[in-house]
Amino acid sequence: MPVLTKEQQDYKRFAKNKKPKPPLLKNMIMAFIVGGIICTIGQIILNFFVSRGLTPGQAGGPTAIIMVFLGSFLTGIGVYDKIGKYAGAGSIVPITGFANSIVSPAMEFKREGFVFGVAAKMFVVAGPVLVYGISSATLIGLIYYLLNM
Amino acid sequence: MDYVMDFIVGGLICLVGQILMDTTKLFPAHILVLFVTLGAVLSGLGLYQPLVDIGKAGATIPITGFGHNLVTGVIQDVDQYGLLGVFTGALRSAAGGITAAIVFGFLMALLFNPKSK
Amino acid sequence: MKKLGSQTIKFENPPSIIGTATIVGPKEGQGRFKEYYDLILKDSIYQEKSWEKAETKILKEAVEMAIKNSKVPTDKIEYLIAGDLLNQIISAGFAARELGLPFLGIYGACSTIAQGALLGSMIVDGGFAENLVAAVSSHFCTAERQFRFPLELGNQRKPTSQWTVTGAGAMVISSQIQNPRITFATVGKVIDMGEADPNDMGTAMAPAAVDTILRHFQDTGKTPDDYDLILTSDLGSIGKHIAEELLKQKGYDISNKYSDCGVLIFYPEQDVHAGASGCACAAVVTCGYIYKEMLNGKYNRVLLVATGALMSTTSTQQGETIPCIAHAISIENL
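Chains as they are written, first to last, in the numbering used here: chain A, 1 to 149; chain B, 1 to 117; chain C, 1 to 334.
It should be emphasised that the hints constitute simulated quantities derived from the structure, not laboratory data. Be aware that one or more of the hints could be misleading.
In silico DSSO-like links for lysine-lysine, alpha-carbon gap of 30 Å or less [as the list claims (entries may be wrong)]:
| no. | chain 1 | residue 1 | chain 2 | residue 2 |
| --- | --- | --- | --- | --- |
| 1 | A | Lys85 | C | Lys42 |
| 2 | C | Lys158 | A | Lys16 |
| 3 | C | Lys250 | A | Lys21 |
| 4 | C | Lys158 | A | Lys18 |
| 5 | C | Lys248 | A | Lys12 |
| 6 | C | Lys248 | A | Lys6 |
| 7 | C | Lys222 | C | Lys2 |
| 8 | C | Lys158 | A | Lys12 |
| 9 | C | Lys158 | A | Lys21 |
| 10 | A | Lys18 | C | Lys248 |
| 11 | B | Lys25 | A | Lys16 |
| 12 | C | Lys189 | A | Lys19 |
| 13 | B | Lys117 | A | Lys110 |
Rough simulated footprint, nothing fancy, chain C against chain B, three-plus residues with beta-carbon under 8 Å [unchecked claim]:
| no. | stretch |
| --- | --- |
| 14 | 20–28 |
| 15 | 102–116 |
If you're wondering where the values come from, they're calculated on a predicted model, not measured in any experiment. Beta carbons: idealized from backbone N, C-alpha and C, even for Gly.
All chains should be built: construct the whole structure from the sequences, respecting the hints.
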């Protein structure tokens, strides 16, 4: 980030109080409610698998797959972005948001073909989550291994 | 049924995300990276499991839960396979979700087009 | 000498705008100026296979319509000056391919229509052509997928965000003597006040608009009283407010005759947050509403100040700030 001149700093100060703030309370409430609903749906699905004889640990896998499918499908039919407009983090943070971030570029770049479009661009939004998630988990695993050697 | 804690824990994690989105210069991508890493670190310290015990899906569905899932998998694999487990555990435990995302992503791209706005 | 001061041109034989055309998408067609557009699309993909192809078609047809409205035969149109927001200005380039006119592609981001009009005026006043067309296009979907995010991504827009206008505006500039006429033009300098938030273009662009407006007044000796309307392209509600205040600080009160296309194009209920943006923003308002109301005599002296943000996704990701530019053209009934 370049260092700002005095004139630029003055402008920043001047412009700062002209910026409208996002409706924080409304956004917080919507994020809480939608996030809560999505997690509750996940719990219902998890309970279904447990009732079929899986342990809660085992049920996590199929639940994640179904949640990913739901997020993908809602993205495909063009509904997920409408939810996101109101829900903000409530639809971005859950795993359905992860699915949305993969499906939306896959759909978007179809016009550039199935190799350079769909396939190449699929992780353009979700990539960082995978890279940092897997890297940090691997690092923690290494630390765990070294501590328990 | 006791879905109350799910709702509250899940809602709270998303709420924190919303606050970060609205009050800082962080983009959603930064926040997701922060959350998944935080989930992983807390999991490594043994601090995320208690949250899962209370909130169940409310703690596993948000992206922090994905970080926890990855670390749980790594630790299991290290216990079982030693050093090799460091490299296999994370992706193995996330295999279902990631494969689903790729396959469904491709499927939805085949079936649907983005809508005009 | 046709030059006034350091950045302003005074046209000796002010070129005339003898025909215009505007095509807009459905959202714009529900906005404030719906009565003034030549064509409102039912779907912004306009039966094409991609939004980029649709944008090219929209630009091409706007040019064709403007030429028809000007009553100049197509073979007497000597140049096409055009630009858009996309990488390598493909909408303009591919439209030019279809139109077969000698082509000068230009890029000024959202200031492109003013840049095109002033360059076109220099060409006509300089005796290098008798008739030419200046045109620009933009499209919400092409802009989103290039600059921001895939359309179906569930992100939340900020209150400072602006909505890229889907549409195209074209004007035929001629040596024929007919109102309205382009009398002055002020070429802007790149101004960067250190703003780096790509979700708040208005704050970034306002200083450039102010710089060019001040330069225009200083070079010409004019004041706000010499105009019926001063119109910026897409500062949005925040940028407009900033520009007004900055000008007031410098001794120019334009508040009773100042508007911004970005604030006007959509109604507040259309929920575009800070306002509209895109090359087509200024173009469809100028070539539609302003042109027609100048023919009616509602406005006789308009100063159009179009601003552009000259960054790319790469520059933003590399931590750069947002450099902006503003070009002004004075359109008058003589």
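Going down the list of hints, with the structure as the test:
{"no.": "1", "hint": "Lys85/A - Lys42/C", "verdict": "24 Å, holds"}
{"no.": "2", "hint": "Lys158/C - Lys16/A", "verdict": "15 Å, holds"}
{"no.": "3", "hint": "Lys250/C - Lys21/A", "verdict": "28 Å, holds"}
{"no.": "4", "hint": "Lys158/C - Lys18/A", "verdict": "14 Å, holds"}
{"no.": "5", "hint": "Lys248/C - Lys12/A", "verdict": "18 Å, holds"}
{"no.": "6", "hint": "Lys248/C - Lys6/A", "verdict": "21 Å, holds"}
{"no.": "7", "hint": "Lys222/C - Lys2/C", "verdict": "16 Å, holds"}
{"no.": "8", "hint": "Lys158/C - Lys12/A", "verdict": "18 Å, holds"}
{"no.": "9", "hint": "Lys158/C - Lys21/A", "verdict": "9 Å, holds"}
{"no.": "10", "hint": "Lys18/A - Lys248/C", "verdict": "16 Å, holds"}
{"no.": "11", "hint": "Lys25/B - Lys16/A", "verdict": "13 Å, holds"}
{"no.": "12", "hint": "Lys189/C - Lys19/A", "verdict": "25 Å, holds"}
{"no.": "13", "hint": "Lys117/B - Lys110/A", "verdict": "17 Å, holds"}
{"no.": "14", "hint": "20–28", "verdict": "holds (count 3)"}
{"no.": "15", "hint": "102–116", "verdict": "holds (count 3)"}
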